[in-house]
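Given chain A's structure and the hints, the job is docking chains B and C onto it.
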Amino acid sequence: MTMLQTDSQGHLRHFLNFDDLSYQHLISIMDTAESFVGITKRSIKKVPLLRGHTIVNLFFEPSTRTLTTFELAAKRLSADVLNFHPKTSATKKGESLLDTLHTIEAMQCDMFIVRHADSGAAHFIAQHTHPDVSVINAGDGSHAHPTQAMLDMFTIRHHKTDFTKLSVAIVGDVLHSRVARSQIHALNLLQTGEIRVIAPKTLLSNHIKTLGVEVYHNLEQGIKDVDVIIMLRLQKERMQGALLPSENEYFQLYGLTANKLKLAKPDVIVMHPGPINRGVEMDSIVADGPHSVILQQVSYGIAIRMAVMSMILTPPQSQ
Amino acid sequence: MTMLQTDSQGHLRHFLNFDDLSYQHLISIMDTAESFVGITKRSIKKVPLLRGHTIVNLFFEPSTRTLTTFELAAKRLSADVLNFHPKTSATKKGESLLDTLHTIEAMQCDMFIVRHADSGAAHFIAQHTHPDVSVINAGDGSHAHPTQAMLDMFTIRHHKTDFTKLSVAIVGDVLHSRVARSQIHALNLLQTGEIRVIAPKTLLSNHIKTLGVEVYHNLEQGIKDVDVIIMLRLQKERMQGALLPSENEYFQLYGLTANKLKLAKPDVIVMHPGPINRGVEMDSIVADGPHSVILQQVSYGIAIRMAVMSMILTPPQSQ
Amino acid sequence: MTMLQTDSQGHLRHFLNFDDLSYQHLISIMDTAESFVGITKRSIKKVPLLRGHTIVNLFFEPSTRTLTTFELAAKRLSADVLNFHPKTSATKKGESLLDTLHTIEAMQCDMFIVRHADSGAAHFIAQHTHPDVSVINAGDGSHAHPTQAMLDMFTIRHHKTDFTKLSVAIVGDVLHSRVARSQIHALNLLQTGEIRVIAPKTLLSNHIKTLGVEVYHNLEQGIKDVDVIIMLRLQKERMQGALLPSENEYFQLYGLTANKLKLAKPDVIVMHPGPINRGVEMDSIVADGPHSVILQQVSYGIAIRMAVMSMILTPPQSQ
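First to last, the protein sequences are chains A, B and C.
Following the working numbering, the numbering of the first sequence begins with 22 at its first residue and continues without gaps.
Following the working numbering, the numbering of the second sequence begins with 22 at its first residue and continues without gaps.
Following the working numbering, the numbering of the third sequence begins with 22 at its first residue and continues without gaps.
Quick caveat, the hints were computed from the structure, so don't treat them as lab data.
Careful, some of the hints might be misleading.
You can't tell identical chains apart in this list, so a pair holds if it fits in one copy or across any two.
[As the list claims (entries may be wrong)] Derived lysine to aspartate or glutamate pairs resembling EDC-like cross-links, with alpha carbons at most 16 angstroms apart:
1. K62 to E126
2. K257 to E268
3. K62 to D153
4. K230 to D246
5. K245 to E55
6. K283 to D246
7. K181 to D288
Okay, chain A solo, but in the shape it has when bound:
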């Protein structure tokens, strides 16, 4: 499984997680995304970079919001986009995942954007695709969601210059969050000064400390003097199990309010992958307040996805 994501010259071939990527890869992705931020502000928000390429959204798990960002990123690179929802297709008739995969490949598609409820699905697909086909992980189980983490890093870089001097707090259901897992890996690769994780004990695994993070069970203590607060989305499904108290109680303990926010640095930024559960993860006054960069995250998400797609499909030697 070594170096699945990069070719022999270190160029990106797939984007699945952060396991075999370097500091330099992350910097390249962000630098490339920077050039696309400019494009999305022009009236013609489009470049012909991927004209004639076919990008397939292969969403085994529905997610309109994530699908939309990838579709838009692909269209702004002038690629042709196919949305393929395997649940409503041949897989119903008993066709295996690999047969579906090889069939779409045979239509000369260049890239799969894979969303799947099972951890490792994107990896599995990348291992079995044709060498000419690339895979981007758009969220697999509780494993990884690397483009989300990259847009978070990109948003942080726009507000805070030097990662080594930053203190970043991640708040919420870290245990089940592929976003948190990817964020921690990315923050580590970028040599972030301090990474804090704030969650109830039921929403943290024992091995969390091996990831190089400080663990807090108290929000006030955890966000004290931090530069960045990343709120995770609370999966309401968890509420029904024994893992979590009621929404109200959760908000009392881990919800971000304007008062609590004062404990952080004066120029703290507040992030959230969206959609927000207002009154659960944070107060509306925080979500819509001056520290919130939540909508910027969405904007930068397009640029990051354009960057990853174009770096993979038009590597330096072929440009």
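Same frame as chain A, now just chains B and C:
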């Protein structure tokens, strides 16, 4: 709410209803549409006017037919189109309408085409969008459906030159029809000679006469010597309430037959927004007969939507 | 119904079945497809041939896989594509098929790709469309699926030069298969040396011999010394009736294994329209083995559909 739809120079910013529009706005829309009628007759039915613009169909209420006309209009202007059905997206997870809206906005979209079951929804969205984002109302509750009304006006203009000399009859469920409401406003703005409304008493509100129309409860009397007959679509859901007699009885009273049509002017045109309930609103011999311009309405619908989209997104100063 | 598919100069107007097509038509389609195979291997897999044309996928019966191949073929010709699923549209509200059809036509669409559960549906639509609109049959009931048959012929031609010297076996549910029906017609038009049909008696109709095929009920005898084996997909729905034994028993009798395959010519090719039921129609070792050309069929399917679309929409006189 004054002048929400136009900017300080009077250029169209949104298209929600006819409240703050002038005679001249309607003429401009029709004149612009005229140039697109030519394009849709060429073998390459496409102009690069909106290349690189992103238009989002935000349909809270499903309507394949209306969606298709907007999608096609956008594609023929070379815009990128996203179809976003909020019911199947994050709104399910508790995200509010405005959060959905601001999220899509943050992806640098240029225009929302809004269809919603609630009157005023498009207006609400236009009031809360980013200043760079425009809204077209594709039907909101029983309030308005202005592009449908404009394509109707455009169809009339193609057959009858001078609105001031016309007698136009609107037949059917005027009470619940956003189409009728928009048609009456548009016909008034175009200084139509006479506007008649023909409906059972249960399908008319008391304030209808304040709109400057003549009310008839008898079809034969109402269509006598008119130049234009606009049949409304009968929402069969109404049948189950006490508002309407049976389909058969309705057809006997308000259905348009070849015989009744003879009461109108010899060159009368018959319109219907589609889809027709044959044998309820009119006989097939009328729907498919020489006076029917129903399919022309569909064709002109594309040109009208191209006109409104391009006028809003490429105002004179920026062209 | 004579010459519905071709114009007075013999150019293709619709593609519905093989009834009024000639040997030369099939050769032209394959020769045109050849030029598109090259395009799909380039990094920019796109030509501007159908720019500004609108192609509508009118799928009354869902089929993600077939829809995808037509959508991709259309996009690679630079056409605009609309996917229209009539079940979720106005037809629900009682609009008749023809009204739906004429409405979409009125939007100046150039081509319908029709998939329907009823035999003859595409034909019916072609007979009633506007003269400027063309129809491609993407599968109608148990009648025909001509683009699938053409991609099969094209795949055979890539491996075997001369159809007159070939022995081709079609194995499986011939009775219900529109694919088989179209394959037999196409193979006959191409003057194939020998066409064998191998199936249980319950899956063959009496008039099958009138199609110029040899009938076998035993797989070993039927595939002896053949050059091409076309396996049909087993519709599992048939299992529930009395027509078929269990899956296991079917596989014992009609499933293709590596051992049985040795009875055919050493350079035999094995085809299947997909998706495969592994362990029912054939062993995985055959499906993925050196004789299998199943994924090539998928690739060539794009080229064949591009060929048919472009031949119909850009006939020689208008190019």
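Report task. Against the structure, test the hints numbered earlier, and report the numbers of the ones violated in rising order. Result -> Violated hints (numbers, rising): 4 and 5; every other hint is consistent with the structure.
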